[in-house]
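Residue numbers (the working numbering), protein chains in the order written: chain A, 780 to 1296; chain B, 80 to 200; chain C, 32 to 122; chain D, 2 to 156.
No wet-lab data here; the hints were simulated from the structure. Every residue gets a Cβ at the ideal spot worked out from N, C-alpha and C, and that includes glycine. Check the hints yourself; a few may be wrong.
Quick look at which bits of chain B chain D covers, simulated, 3 or more residues with Cβ under 8 Å [claimed, not checked]: (1) 105 to 113; (2) 130 to 143.
Which chain C residues stay away from chain B? Per the calculated CB distances, all over 10 Å, these [what the hints assert, rightly or not]: (3) Met32; (4) Phe39; (5) Glu77; (6) His116.
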Amino acid sequence: MIEHLPALMVALPLFGAFIAPLFKKHYKGVSIWAIFITGISVVLSLLLTKEVVTNGIIMYVFGADKPTLVLPSGYVVPIRIMFEVDAMGAFMAISATLMSFVGAIYSYSHVKKDTGLEKYYALLMLLEAGILGMVLTGDLFNLFVFLEIAGIAGSALVGFRNYRGEASEAGIKYLMVSSVASLMVLFAVGIFYGQYGNLNLAYIAKNVSFNMVDMIALGLLFASFAMKCGAVPMHYWVPDAYTEVPAGINPPLLVATYASLYALFRVSFTLFANVVIDLARVGWIMSILGVLTMFIGVTMALIQKDVKRLMSYHAISQTGYMLLGVGVGLTVLHDPSKLAEFGRDAMAGGVFHIINHIIYKSLLLMTAGALFYVTGTRNLNEMGGLARKMPITTISFMIGAAAISGLPPFNGFASKFLIYETSYRLNPLLTVFAMVTSVLTLASFVKVFASAFLGPPLEKFENKREVPKPMIVAMLILAALCILFGLFPNVVLDKLVYPAVDALINFAQYHSWGGLA
Amino acid sequence: MNGSLFVNFPFIVVALLLALGFYTIGFKRNLIKVVIGVEILEGAVNMFIVALGYVKGGYAPIYTQAPQEAVGKMVLPTPQALTLTSIVIGVAVTALMLAFAVNIYRHYGTLDVTRVRRLRG
Amino acid sequence: MRKALGLFAFLAFVLFLFAAAISLRPFGEPPHAEMDSYFIEHAQEEASANNVVTSVVFDYRGFDTLGEATVLFTAVSGVLMALRHYGGKEK
Amino acid sequence: MTTTIIKTTTRLLAPLILVFGSYIILHGHLTPGGGFQGGAVFASGLILLIVANVRDKVQELFEKTPLTQLESLGALGFLGIGLLGLMSYTFLKNAIANSGFLFGGTTPQGINPGYLNTGGTLSYLNIFVGTKVLAGLTSIILIFFLILRRERDEW
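Generate coordinates for the entire structure from the input sequences, incorporating the hints supplied.
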């Protein structure tokens, strides 16, 4: 059964989602069902990662006689859809399943009083399936299909609170951005199909010749994925979507954003890595985009009054760190000495920052959701003195804030330190900007902490209590992960991050379908 | 260059449609018109993919009661399959966008994108 | 000013699109058709279907179609969720 | 919207459209069309019934129709057929083709008149997808119709 694992990874959440609407009004049943399904998929993703890290790339060809039959007998081109799971994909799959699980637990209490929950949980599982399909697939058109699934499910969830006009507005904005981006991806896929008559990522990557038409396709793919992962200048949808979505959906929605980032890396490394001339330029573009993104994001965050909106702008600025880290690595990809010297570490920093950021930003957005659950407002000026009423939320918030500001010994420090160290080798100016951003982040979170949790207790919050247990459990899981990843970064780096980075660097192995053909 | 302009006429039409779609998305104020713009983009991309599969003088790739000369001279089937998929996806996206538009109209009483914008800064 | 800037970017984009359309391969002469000719030759024997397009949709690229059905399912769930009753929570 | 002309035309046309839709679904592996197209045609027949009637009657008509269940059934059926291939093959393998099971007949090579009992899993998938699409599209239009008619009454 182990060889069918990639197919089961996607089939399981789909099965859960298709069953979910049949629960009708049994909201308790459907929430337990969602926790159950997402929990099993966490186990499956751990198994898959173990398999990938020990045995290398896993192939799964849909509809063939054998899962590993890449080429039909006597034929030179792949004809079927295939999944190609390398360590990077497995890394993203772990983040996706883990965050969906945490989100499902959190939602159990957070949206209890709302209606339409059977659709809510169905869409949560569909979002998970969409992300998993995106990160596991080895076929360009399949990537588009799953991109659309994740986009539609995400935007439907953004509009979940349909009694608020802002939610529908944010939803249509997100849907517009994601559908235009996906259409441009489809256009680029069409260009590749017209040139090479195939849709397999590895096959196209092996044959790509980088003429003018391919350059246009690269530009389209780069722009659309950058748009979907919230890089400047198309970052406008991020704060709206993250603010209006119920806090339980924030973790999978963050992973969906970074699945687009994963696709961006996949395009730059796997599809165009054979091209020696222009890759450094692409890397520089990525690094500068990263610096701009982090700086603009953090300056916008400083002036926010809405606590979730403030954190969403920080999400934009943290995306910049990932782009910077991986961009530095991409710049020196064809220079073996520099790559060994700092390129590999830079990429490790960027990739490690993805999972770290997903963990602590989910934690922070969840504490913001807890504040909203208790006080009914998200405006910082109306809160105050909540530290005594909600001790566990306060502690979780402090851990998350320390992690996002890059204070040791939390996980944000580990990845940010790698990025500072390596970007300094490329150009010290990049490091200066990254450090200034970090300081501003700290300042902004000190402000949130002071105005929401400290100060004299307000009268209107007299009889408020701590949030229900499932929400506490979800927050504590993530807080524990923050501390664990911060205390033992080497374990995570060796077991998960460096295999993922090596999978990106050794693109030749991906091109040969893991040595099968 | 002159020759390729006429040879690639379908691709030129695709470019025109794409331009029209982006214009509609960027410069129209009515939300329904913006949705129509996304639909035009969808149509342009679908047409592009179908046009890629055409073979000069080809027949439909279906063997049921096909004419004798069709064997070995069929147009490429993959683009048609891809287009089918992408049409259904387009329908899904449009339905959800219109549902959001209905909600927005119910809340704000207008569909003008410059006036519904409450989320700022 | 902003509109003029937008218009300028738009016109540049249109020119770019036309350049792309002209420099594409000629219409009606696909250079590589190995994958598609495999479908045309083997659809009747492997998928046992006369309609090659259906055999591609449901057999060779069947997983895409599962995704496509899922997209429709997602959209239906989303529409039903977005247009559900407010449940007395009108703001 | 509900004049006599529309009502009479609907009464005549709707059954024909429904039959045509079923035909397209069932012959998906032989003639142009398939599950999606046939489901859309079938749904358009139902939608014609919806828009040509007054709101109360539509609500009465579709109250008992299990659209959600049909949609889940179609999707689960697709997944089930896919899992069928896991027995000694891979996910979504066409395991029924040329097996002699229902729809498992052998297709002759080259041009032929077309035999319904072929196609393997293709025919099953067509039917499931058709079910799913007709239920999905109908429920989308139904909710738009109900909501707009309700608000028009209020205005």
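Do the hints match the structure? See the list:
1. A stretch counts as covered by a chain when three or more of its residues have a beta carbon under 8 Å from one of that chain; for the region 105 to 113 of chain B and chain D the count is 0, and the coverage is violated.
2. Residues of the region 130 to 143 of chain B lying with their CB closer than 8 Å to a CB of chain D number 4, which satisfies the three-residue condition for coverage.
3. Non-interface call for Met32(C) relative to chain B: holds, since the shortest CB-CB distance, roughly 15 Å, exceeds 10 Å.
4. No Cβ of chain B approaches the Cβ of Phe39(C) within 10 Å, the least distance being about 12 Å, so the stated non-interface status holds.
5. Every Cβ of chain B is farther than 10 Å from the Cβ of Glu77(C); the closest lies at roughly 13 Å, confirming the non-interface assignment.
6. In this structure His116(C) is separated from chain B by more than 10 Å, as the shortest Cβ-Cβ distance comes to about 12 Å.
Comparing the model with each numbered hint stated earlier shows that hint 1 is the single one that does not hold.
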